[in-house]
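Engineer: Below are the chains, spelled out letter by letter.
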Amino acid sequence: MKPAAFDYIRADSTDEIVHLLAEYGEDARILAGGQSLMAALNMRLAQPRVLIDISRVEDLSTIRVNRGWMQLGAAVTQRAAEMVVRDESTVPLLAQALPHLGHFQTRNRGTVCGSIAHADPSAELPLCLATLGGTVELRSRRRRRRVAAEEFFRGVLTTAREADELIESVRFPLANKQTRYGFVEVSMRHGDFALVALAATVSGEEVRLGVGGVADRPWVQTLPLSTGTDLDAALEDLAWKLGAQDDQHASARYRRHLVRNLGAQLINRLRS
Amino acid sequence: MKKFPHGQHTIALKLNGMARSGQCEPRTLLSDFLRSRMGTTGVHVGCEHGVCGACTITIDGVAQRACLTLAVAADGRDVRTVEGLADNTGALSELQSAFRKHHALQCGFCTPGILMSCADFLTRVPDPDETQVREMLSGHLCRCTGYSNIVAAILDVAAGRKKDVADA
Numbered sequence: 001m002k003p004a005a006f007d008y009i010r011a012d013s014t015d016e017i018v019h020l021l022a023e024y025g026e027d028a029r030i031l032a033g034g035q036s037l038m039a040a041l042n043m044r045l046a047q048p049r050v051l052i053d054i055s056r057v058e059d060l061s062t063i064r065v066n067r068g069w070m071q072l073g074a075a076v077t078q079r080a081a082e083m084v085v086r087d088e089s090t091v092p093l094l095a096q097a098l099p100h101l102g103h104f105q106t107r108n109r110g111t112v113c114g115s116i117a118h119a120d121p122s123a124e125l126p127l128c129l130a131t132l133g134g135t136v137e138l139r140s141r142r143r144r145r146r147v148a149a150e151e152f153f154r155g156v157l158t159t160a161r162e163a164d165e166l167i168e169s170v171r172f173p174l175a176n177k178q179t180r181y182g183f184v185e186v187s188m189r190h191g192d193f194a195l196v197a198l199a200a201t202v203s204g205e206e207v208r209l210g211v212g213g214v215a216d217r218p219w220v221q222t223l224p225l226s227t228g229t230d231l232d233a234a235l236e237d238l239a240w241k242l243g244a245q246d247d248q249h250a251s252a253r254y255r256r257h258l259v260r261n262l263g264a265q266l267i268n269r270l271r272s
Numbered sequence: 001m002k003k004f005p006h007g008q009h010t011i012a013l014k015l016n017g018m019a020r021s022g023q024c025e026p027r028t029l030l031s032d033f034l035r036s037r038m039g040t041t042g043v044h045v046g047c048e049h050g051v052c053g054a055c056t057i058t059i060d061g062v063a064q065r066a067c068l069t070l071a072v073a074a075d076g077r078d079v080r081t082v083e084g085l086a087d088n089t090g091a092l093s094e095l096q097s098a099f100r101k102h103h104a105l106q107c108g109f110c111t112p113g114i115l116m117s118c119a120d121f122l123t124r125v126p127d128p129d130e131t132q133v134r135e136m137l138s139g140h141l142c143r144c145t146g147y148s149n150i151v152a153a154i155l156d157v158a159a160g161r162k163k164d165v166a167d168a
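Keeping their order, the protein sequence lines are chains D and C. If you're matching positions, the first sequence starts at 1 in my numbering and goes up one per residue. If you're matching positions, the second sequence starts at 1 in my numbering and goes up one per residue.
FYI, nobody ran anything at the bench for these hints, they're computed from the structure. We treat Cβ as the ideally placed atom computed from N, Cα and C, and that holds for glycine. A portion of the hints provided could be inaccurate.
Result set (DMTMM-like, lysine to aspartate or glutamate): computed pairs, CA atoms no more than 25 angstroms apart in a straight line [claimed, not checked]: (1) C:K3 - D:E162; (2) C:K3 - D:E58; (3) C:K2 - D:E16; (4) D:K241 - D:E150; (5) C:K101 - C:D129; (6) C:K14 - D:E150; (7) C:K2 - D:E26; (8) C:K2 - D:E150.
Cβ-to-Cβ under 8 angstroms is the rule here; a few derived chain D residues that face chain C [what the hints assert, rightly or not]: (9) E16; (10) A22; (11) E23; (12) G34; (13) A39; (14) D53; (15) H103; (16) R109.
Just chain C, with the same shape it has in the complex:
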């Protein structure tokens, strides 16, 4: 077992492909650790009880809430945030490009969480129908864009990938 008594501890994790470490208390939420210690402020903090979905990230490839995860629990894990989607040159990922093309974001507050959910969802459900996309999106609250354009962008990415596979 490993004990982390109340106080400061150093944890190490892989963040967007790079080895990083930083200090946190046992009670520090992963969302706060990523924002304030790691500088990945694309992790947005909305409700802090798992409902709104803005803080969604992937840990070991699986989409989950950073606000319902302790930073110490992510010690040694592979964490990805929205900052890890675009490549080193800043070129948008196909998912991000599709969101831009379909006007799937307006204020952008909910967007990073939705993108991270999609990153996981589309690897597991590569050819989703609209119902499956909307079911996945039920874990995110968007209050200004409206969901239709978000659904269109996700279906567009899935269709594009399917075509790529067919052409290959």
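So that you can see chain D by itself, here it is in the shape it has in the complex:
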């Protein structure tokens, strides 16, 4: 339970980080809060040659709320985000989801962008980003690009980020007054990874339902809510479409059950 040897570099600026990533590529890993990466290093699931610590880069520690977006830099902690979203005009879905994310002690250190970069299929932040239609801003020495969340998550712990790219920030759309937001999850203990997590936005006659913990990435489905549509049937289709699998935490059958039943509860709560 001790990490293998590596070189550690504490970066002072974003320019330094992208130069280091250009130099070391896949041999390097970015260390921000380390709440996923350090555990992986301790268990030697990851053995990078170089660790680039970005936690002290001031440019990356900023939260900007303007022009319809909340933009969070790569070093912004989950705790800092939690403070900002207490204001309900920002991102109400995050206000509901963040308390489920790990524990007080890990949110103090863990970063928002780090969780997005890690891309655990049952993690709350990738689910919220995908459901809200947020974006990931990537920067390398070569270029800057913006990738929609639904394009970014490619599979279990797999994203569209290339080896020389830094997730410089992520952007969540700000609350729309005509939209209602809801989040619910089931886990073994409070703060554990979700067996199933659901995020939903309801506006007009439509719901965007995001499902975490079932498929290999956060899955977002738009369902009609107009009178005469059979929501239960739509959720049944969705539950099967996600390809749930048995694992040591829960059976595929139980996960489908949660998608159907929690999904219906959540959507009905938001409609009423």
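Based on these hints, arrange chain C on the given structure of chain D.
Structural biologist: Showing chain C alone in chain D's frame:
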């Protein structure tokens, strides 16, 4: 930027109010550095992947896992461990006294981490309800005391502080 290639490096930090320095490798965990180099063995090591909470300390006043922190990353920081709670005469802090009064520890393995979490938590949430205390405690595993007495001790400290403020 500052580079720490594989090998031994000297880092300096403030530990429980005192300037200290010691040697570590880049891969040395802060929990191991504090125990083996600094002698603060109140930093208990349980799971070493951030789940059990026994190694929780504060860095710049914020409670976090020492086992998920590299010692080199704490270079220049203000670190506090359970050894820093009691004063120089050894008199227990009010939090420690409340744990004693409420029998909030039995074997004591998880206790230092819980105390350090509380030190941060109670400054940010000075008047918590039981649900908030239990939510904070979800980041700690206790396998023998049971949580009820721990919750009672924390609520007692919060109530005492509130009374102190009211009386002042």
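Engineer: Each hint needs a verdict: does it hold in this structure or not?
Structural biologist: Status of the hints after comparison with the structure:
no. : hint            : verdict
1   : C:K3 - D:E162   : holds (24 angstroms)
2   : C:K3 - D:E58    : holds (18 angstroms)
3   : C:K2 - D:E16    : holds (11 angstroms)
4   : D:K241 - D:E150 : holds (17 angstroms)
5   : C:K101 - C:D129 : holds (20 angstroms)
6   : C:K14 - D:E150  : violated (44 angstroms)
7   : C:K2 - D:E26    : holds (21 angstroms)
8   : C:K2 - D:E150   : violated (36 angstroms)
9   : E16             : holds (5 angstroms)
10  : A22             : violated (14 angstroms)
11  : E23             : violated (12 angstroms)
12  : G34             : holds (5 angstroms)
13  : A39             : holds (4 angstroms)
14  : D53             : holds (6 angstroms)
15  : H103            : holds (3 angstroms)
16  : R109            : holds (4 angstroms)
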